Amino acid sequence: MKLNGAKILVNSLQSEGVKHIFGYPGGAVLHIYDALDACTEIDHILVRHEQGAAHAADGYARTSGKCGVALVTSGPGITNAVTGIATAYMDSIPMVIISGQVPSQLIGNDAFQEVDAVGITRSCVKHNFLIKDINKIASTVKKAFHIATTGRPGPVLIDIPKDITIAEIEEQEYPSSVDIRSYSVVGRANAEQINAAADLIANAKRPIIYTGGGCITGNASNELTKFTKNLGFPITQTLMGLGAYPATDKLSLGMLGMHGTYEANMAMHGSDCVIAVGARFDDRVTANVDKFCPAAKIVHIDIDPTSISKNVAVDAPIVGDVKSVLEDLIAAMNTRSIQDISTWWSDIKKWRSIDSLAYKTSKGVIKPQSVIEALYDVTKGNAIVSTDVGQHQMWAAQYYKFDEPRRLITSGGLGTMGFGLPAAMGAKVAMPDMDVACVTGDGSIQMMTQELSTMLQFSTPVKIINMNNSYLGMVRQWQEFFYEKRYSMSYMDSIPDFVKLAESYGHIGIKVEDESDLKPALIEAFKQKDRTVFLDIITDHTENVFPMIPAGAGHNEMILGDRDKIEGDNQGVNLV
Amino acid sequence: MRHIISVMLENEAGALSRVSGLFSARGFNIESLTVAPTNDPTLSRMTIVSIGDDGIIEQIVKQLNKLVDVAKVTDLTATEHIERELLLVKVYVNKDTQADIDKKIDDFACKIVDVSEDSYIIELAGQGKKIDDFLDALDAFRILEVSRTGVTGVCQKR
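If you read the sequences in order, they're chains F and R. Heads up, the first sequence stops at 576 in our numbering, and the numbers go up one at a time, no gaps. Heads up, the second sequence stops at 1158 in our numbering, and the numbers go up one at a time, no gaps.
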């Protein structure tokens, strides 16, 4: 039987097990949409802006671990999606983006809605393809999914000209395997690297385990938990890594880095052996690299060789899939005895007692930190929490204790405002039985409010926790600290009435202005299982995120909040 | 330090821009870059000359390997290798200078590949240093045009 290219494409997606596509139609993809219309196996979610499609596919992938799929048209369709693709790329999220292209014979002619999609996306995809031959549709889809989901995952773009979707060929069998000679997937690490690392770990007197998003991407939570508990070592996690190890466990020091806890950053600074697992020594984590972990030998486990010694020189690199590496390391440590680290733990306990996440409350005013704490209580720590970017993102990371992986959905690498709402929608599509909260702010939410419409049409009830302080809070915080309180363009005047906005999109809107109303409002919101509820929470306008490592400082040079229980000489750290 | 990096690349449209894009996006230096097909029509060989400390060269090699279209990366500088570059130079010639220029051509064992009324086109293949030296020697005359291919190289061992 003869099939057109669009049908072959849709069949290929079906063969890959795709159940959901987030997309937006347009001229170049009309044949594909026609083929999708006849396909009952794949649900298509019609977003309101292509950036939303990419973020939703991304949120879907982060939550489910499956490959997210987005479908957009040529020209503005794909350029709108670029921010979402770059977001996924920076956080190594498996995603396949299909973009329509003008007909082959028009490529290069500045045709209507033509852009060089492959050229534009080259630096923010793991790989991309322009299909020039209808016979290569199926094999290209196969390759795209393989590349997107294996090794260090990432987004892969398939650009397909309209004429290729129209042409017909005899139906072919979908390839069962894929062979790309220039692409190989890293598997188990070699034993020498494991043993060298194990020797370093066995000699450590002040060890710390520092883990990142790789532990979540690599589904290595169980192995990480076993490895950490076997050794009894302190563990700190990056923003991207939160949830891979239970935050409520006593070995957990919380997040590290620019807004990490005092104990996590001080332990990094004092450590003699840092065991980095699926983390990439990002500048928000290392702070000033010249002052980074001055006394530590560094073990680094990563699937991507380019991550090793990129920012920080590594003493014992292990290149491999994190799950199998941790299995091998657990076995290697079983044959070795480790040092007594009780004095190290007593140092850490002292740092912990400073209680760096303490904050001042005042009657009536809603403190943003308390919003996250209340959210944690009301959801019993069991919600999927997506965030946007800014102060609220840091508070969500600091105060919601993530005990399981794939629960915090946040744009860590690119820091994309507008990510939260469509990502929450994607998460809800992936996990319809779970509560999904989108923690956002009055700045971020306004970048993607149009997706409220999608959420009504496709019944993806999400609880929007809008921390409304009438400021671009993180910008305001930097201006307060480093620009002598010149608040240039960080105040948002004319903020919409979010309650009415939510209502106009057919959702429930609740405004919360008094601290005593906070918890009841949250409880009410989560009771509404089938409705999206927009909680517009007016929070303390000028609250700042603490601790904070200012630019150029080291881990031991944090600015702390005024409530932190710091004594004597330590007060000096406030002045940095 | 100067490194010659040899890259076997899938002979696909856009593969070249993946490599050049990588260098510009990550701020790596390119001194010269040559690319042409090999005996295997599906593969091209690209030879890149770059300058950087060991850490940077290590990153360049790793980042190149990470590109899906890259089949093999070799740092030729780390092994026994042969490197060559081709120069075509057009130089102004008249009665007063002809003898001197002919002498230089002999000294450097170059070939005159084209002669016109008032100019030569001279061909020279060799290591970059030799080509630099030859161009220095020609400086005393009037060079009209210079075209260098950039370095290409192969590893001596099998």
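Take these hints with a grain of salt, some might be off.
[Unchecked claim] DSBU-like cross-link-like pairs, simulated, lysine-lysine; straight-line CA separation at most 35 Å:
(1) R:Lys1095 x F:Lys132
(2) F:Lys19 x R:Lys1090
(3) R:Lys1062 x F:Lys323
(4) F:Lys310 x R:Lys1095
[As the list claims (entries may be wrong)] Pair ranges (Cβ atoms, derived):
(5) F:Ser104 x R:Asp1139: 44 to 54 Å
(6) F:Asp283 x R:Ser1024: 17 to 27 Å
(7) R:Val1154 x F:Gly108: 30 to 40 Å
(8) R:Thr1042 x F:Phe481: 51 to 61 Å
(9) R:Glu1145 x F:Phe481: 50 to 60 Å
(10) F:Asn195 x R:Ser1032: 40 to 50 Å
(11) R:Glu1031 x F:Pro496: 54 to 64 Å
(12) F:Asp283 x R:Asp1118: 56 to 66 Å
(13) R:Thr1079 x F:Asn135: 50 to 60 Å
(14) F:Lys360 x R:Ser1017: 49 to 59 Å
(15) R:Val1154 x F:Ser176: 47 to 57 Å
(16) F:Gln450 x R:Glu1031: 46 to 56 Å
(17) R:Thr1042 x F:Lys529: 28 to 38 Å
Hint data in this document are derived by calculation from the structure and do not stem from the laboratory. Small disclaimer: the values here were computed from a predicted structure and weren't measured. We treat Cβ as the ideally placed atom computed from N, Cα and C, and that holds for glycine.
Status of the hints after comparison with the structure:
no.: 1; hint: R:Lys1095 x F:Lys132; in the structure: 58 Å, violated
no.: 2; hint: F:Lys19 x R:Lys1090; in the structure: 64 Å, violated
no.: 3; hint: R:Lys1062 x F:Lys323; in the structure: 22 Å, holds
no.: 4; hint: F:Lys310 x R:Lys1095; in the structure: 59 Å, violated
no.: 5; hint: F:Ser104 x R:Asp1139: 44 to 54 Å; in the structure: 51 Å, holds
no.: 6; hint: F:Asp283 x R:Ser1024: 17 to 27 Å; in the structure: 21 Å, holds
no.: 7; hint: R:Val1154 x F:Gly108: 30 to 40 Å; in the structure: 36 Å, holds
no.: 8; hint: R:Thr1042 x F:Phe481: 51 to 61 Å; in the structure: 56 Å, holds
no.: 9; hint: R:Glu1145 x F:Phe481: 50 to 60 Å; in the structure: 58 Å, holds
no.: 10; hint: F:Asn195 x R:Ser1032: 40 to 50 Å; in the structure: 42 Å, holds
no.: 11; hint: R:Glu1031 x F:Pro496: 54 to 64 Å; in the structure: 55 Å, holds
no.: 12; hint: F:Asp283 x R:Asp1118: 56 to 66 Å; in the structure: 60 Å, holds
no.: 13; hint: R:Thr1079 x F:Asn135: 50 to 60 Å; in the structure: 41 Å, violated
no.: 14; hint: F:Lys360 x R:Ser1017: 49 to 59 Å; in the structure: 55 Å, holds
no.: 15; hint: R:Val1154 x F:Ser176: 47 to 57 Å; in the structure: 39 Å, violated
no.: 16; hint: F:Gln450 x R:Glu1031: 46 to 56 Å; in the structure: 49 Å, holds
no.: 17; hint: R:Thr1042 x F:Lys529: 28 to 38 Å; in the structure: 56 Å, violated
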